[in-house]
Structure formats: C-alpha cells, structure tokens
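Student: Okay, here's what each chain looks like letter by letter:
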Amino acid sequence: MGATILIVDDSVSIRQSVRFILEQSGYTVAEAADGQEGLKRLGEQKADLVITDVNMPNMDGLTMVRKIRETDGIKFVPILVLTTESQGSVIEDGKKAGATGWIVKPFNDEKLVETIKKVLG
Amino acid sequence: MTKNLKFGLPEIYIGPGEFAVSREPVIISTLLGSCISVALFDLDIPAGGLNHFLLPSPKSGSVFSESGRYGVHAMELLINDLLKLGVSRRRLRAKVFGGSAMLSYREKAVYNVPKMNIQFIFEFLDLEKIPVDSYSVGGDLPRKVLFFPHTGKVLMRFTKKTLAALERRESQYSHELREKSDLTVSHLFRGEKTGGTGVEKKE
Chain A
1 MGATILIVDD SVSIRQSVRF ILEQSGYTVA EAADGQEGLK RLGEQKADLV
51 ITDVNMPNMD GLTMVRKIRE TDGIKFVPIL VLTTESQGSV IEDGKKAGAT
101 GWIVKPFNDE KLVETIKKVL G
Chain B
1 MTKNLKFGLP EIYIGPGEFA VSREPVIIST LLGSCISVAL FDLDIPAGGL
51 NHFLLPSPKS GSVFSESGRY GVHAMELLIN DLLKLGVSRR RLRAKVFGGS
101 AMLSYREKAV YNVPKMNIQF IFEFLDLEKI PVDSYSVGGD LPRKVLFFPH
151 TGKVLMRFTK KTLAALERRE SQYSHELREK SDLTVSHLFR GEKTGGTGVE
201 KKE
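These protein sequence lines are chains A and B, in that order. Taking my numbering, the leading residue of the first sequence gets 1, the next gets one more, and so forth. Taking my numbering, the leading residue of the second sequence gets 1, the next gets one more, and so forth.
Subject to a maximum C-alpha distance of 30 Å in a straight line, what follows is the list of computed DSS-like cross-link-like pairs (lysine-lysine):
| id | chain 1 | residue 1 | chain 2 | residue 2 |
| --- | --- | --- | --- | --- |
| 1 | B | Lys-180 | A | Lys-111 |
| 2 | A | Lys-40 | B | Lys-129 |
| 3 | A | Lys-67 | B | Lys-84 |
| 4 | A | Lys-105 | B | Lys-129 |
| 5 | B | Lys-115 | A | Lys-105 |
| 6 | A | Lys-96 | B | Lys-84 |
| 7 | B | Lys-59 | A | Lys-111 |
For the record, the hints were derived by calculation from the structure and aren't laboratory data. These figures come from a predicted structure and were not determined experimentally.
Pulled out of the complex, with its shape left as it was, chain A reads as follows (with noise of 0.2 Å):
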C-alpha cells in the first residue's frame, strides 16, 4: 500500500488537483483545509507526509509547521511546503519552522512526485 499524504490547502482545486496527481503515483490522500484542521488530522490519522499551503484562515501552514514540531507522536513527520511565496526570506522562515521542503507553485508533475519519492526515501 502507498505512503499517506495530508495536503492542507484552503483551496478545494488545489487540493483536489495534488489529490488526482499523487493518487496515479499510488499515494493515498488525506486533506484538511487550514492548519488548524491539518493538525487535528493528523492526531487522528497517521500520515507518512504533509504538504501544506502557507496562507491559510485560522492558521496558516508555518504555524502548524511549528506545532506539528513541538507535538509528540508528529514532531519527525516529513512536511512539505507548496505555495506562491518564492521570497527568499518567508522560504528561511519556512526552514527556521522546521519545514523538510519548499515547492514554489506553479509546478509541475512529475516535479512534485519526484520531490515527495526523495523525501520519502
């Protein structure tokens, strides 16, 4: 059986096509819309990756970055950032939060799949 991913994205189309692209790599997908549903998620549901948005309502992706760090049972889980921000200085934040990656939207493909196996080992 294929890894489980949580995707955390407040857009349903975002979501939906990381959905349809990791599910012909043979991933099974789990998805929450803010960070506050993403850790909620995954106290619930074990998930071999995260890949999450950064602007998000409620809480955004590197505060539940954060807290996922400091979370016993979820503190090593892989994360994996995909937004627009290419800043440098919000991609050192994102590092600083304890990020594994940062994937600059848009992207491609097999780009993505490609990441997600190396950080899957």
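Following the hints, position chain B against chain A.
Tutor: Same frame as chain A, now just chain B:
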C-alpha cells in the same frame, strides 16, 4: 499609476499575466482578447482585485489538467493578495470577462483556446463556491474592462482598437507560459529539525 479623468480616480492598468488588488477607491483596468479576467471582491471590507491570465496549452479546460493548474495558480495569486487585505474567502463574489476568439494561432491549434479558458474559469469558481454576479465571455472582439474594487462595479465595452498589438502581447504571454511550465523551483532543507533526510536542491 495614471489618473482616469472621466471618473477622477487613479487607474492601475494590468497586462497579460498581471493582477492588482486594492481597498482604495481606484480603477483597475485591462484590455482583453483571448485571455480571461476575473474581478473578485468582498464588499464588507470593501476590497477587490482583477487578474488577466491564459491557460498555457489548453488541450482541456479542466482544473485538474496540467494546463488548468496554471489557471488555478493565477487565481490563487489574486486570492492570496486579497486575503492579505483582510478579505474573507467565503464572502468573495466574482465577475468574469474575456475568452474571445482572436489569437492567430487558433487556426493551427486542434483545440479551442478561448472555449477551454472559459470552461476552466467557471469550473474553478464552482469548485471554490465563489458566486458569479455577472459575466461576458466569448465572441470575437476584444473587451476593455474597468473594475472599481471598492464597490465591485465593472464597466465593460467591446473595442476594435489595438487588435494587432493585443494579439501579439497575448501570443507572447502564452509562449512564455509554456516555456516556464517545466521550471518548478524546489528546495529540500538539510537539518535535524526538518523531518526528512533532505539534500539541498535548487533547479
């Protein structure tokens, strides 16, 4: 920024691939051919924004096609900047313009570029549950659009002027999009805190 003398307001003109947002009484304007422009606004703030985009190689108008993803991206850039102005995604309303059949490469293409762009934007807005207040799409004439972000009002008229120049700009933009489409930027961070076993990567 120029001043629109008729309305006595500052006017921000956007070209293909660009977008602008504002919560001030200004005008955001554009001239559209095959491209699509979406005006999004939240009257409670009030604030709004306008974009101007095209799917790079629309074999399909689906949000889930590779090409559709670039449309999703254009919409996301606009929505993100609106969210930064305090706009609520749930209160967003839309007006949609463009998609006229005027790019000269349309004769060579096996697919119908404007039709796919139109199909894309309505599918996107439906998925995101953003209501469409009005639209004017299709046909074969360029459109001049004036958007007033603080009221959500749009003035639109068809124009026959600047056809050749507009067509050239949109073709060039479409070409640039296709060139860019395999330049995904990704970084994997090296470090103890970062979960994975990443290596630094930039391409």
